[in-house]
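K.L.:
Sequence:
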Amino acid sequence: MLPVFWSIYGLILHFSMSQSNLYIDVGNSAIKWRTGDSKVFSKDIENFSIKALNQSSTPWLSAVAHPDIVQDMSVYFETINIIKPQQKFGNLTLSYDDPSMLGADRFSAMLGAINHFPNHPLLIIDIGSAITFDVVDK
Numbered sequence: 000m001l002p003v004f005w006s007i008y009g010l011i012l013h014f015s016m017s018q019s020n021l022y023i024d025v026g027n028s029a030i031k032w033r034t035g036d037s038k039v040f041s042k043d044i045e046n047f048s049i050k051a052l053n054q055s056s057t058p059w060l061s062a063v064a065h066p067d068i069v070q071d072m073s074v075y076f077e078t079i080n081i082i083k084p085q086q087k088f089g090n091l092t093l094s095y096d097d098p099s100m101l102g103a104d105r106f107s108a109m110l111g112a113i114n115h116f117p118n119h120p121l122l123i124i125d126i127g128s129a130i131t132f133d134v135v136d137k
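Just so we're aligned, residue 0 is where the sequence shown starts under numbering that gives the first Met the number 0, counting upward by one.
Bear in mind the hints are in silico, worked out from the structure with no lab data behind them. The beta-carbon is built from N, C-alpha and C at its ideal position, and this holds for glycine as well. Possibly wrong hints are sitting among the right ones.
Said to hold, decoys possible - Below 35 angstroms or equal to it, Euclidean Cα-Cα: the simulated DSBU-like pairs (lysine-lysine) are:
id : residue 1 : residue 2
1  : Lys-83    : Lys-38
2  : Lys-87    : Lys-137
3  : Lys-137   : Lys-50
4  : Lys-87    : Lys-38
5  : Lys-83    : Lys-50
6  : Lys-87    : Lys-42
7  : Lys-42    : Lys-83
8  : Lys-50    : Lys-38
9  : Lys-137   : Lys-38
What the hints assert, rightly or not - DEER-style ranges, computed between Cβ atoms:
id : residue 1 : residue 2 : range
10 : Lys-38    : Thr-92    : 30 to 36 angstroms
11 : Asn-90    : Asp-67    : 24 to 30 angstroms
12 : Ser-99    : Leu-122   : 20 to 26 angstroms
13 : Thr-78    : Asn-118   : 22 to 28 angstroms
14 : Ala-129   : Asp-97    : 15 to 21 angstroms
15 : Ser-37    : Asp-96    : 24 to 30 angstroms
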């Protein structure tokens, strides 16, 4: 999942980079996070404590599992930006009839890849708890 995390980070970097931003990826088995100027931190779900997160003026959250942790983060932070797949976002149009069926991690990875390699056909491979392949055509 680390490559997806970097794609999420790259996507958000494109829109708004600030040292006060906190980027969080809640996966099936681990939570990863970083600020604009920090290394990536990672904890297994069982060993994660929300107190490990820096208070931030602008947290960005991608979550594919653990709605209880997402709820805890929504309470912990005054405001939080939760990334949710959309049918159309910028140059990306999803083939899914229901965008909510696509994980926020895969959606973010596609957007990050488009940001780094615009106007190119792309194959995005994510290896985490599952292995997924997403194709983006021009």
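K.L.:
For a quick check of understanding: which of the numbered hints are violated here, in increasing order?
P.N.:
Failing hints, ascending: 3, 11, 13 and 15.
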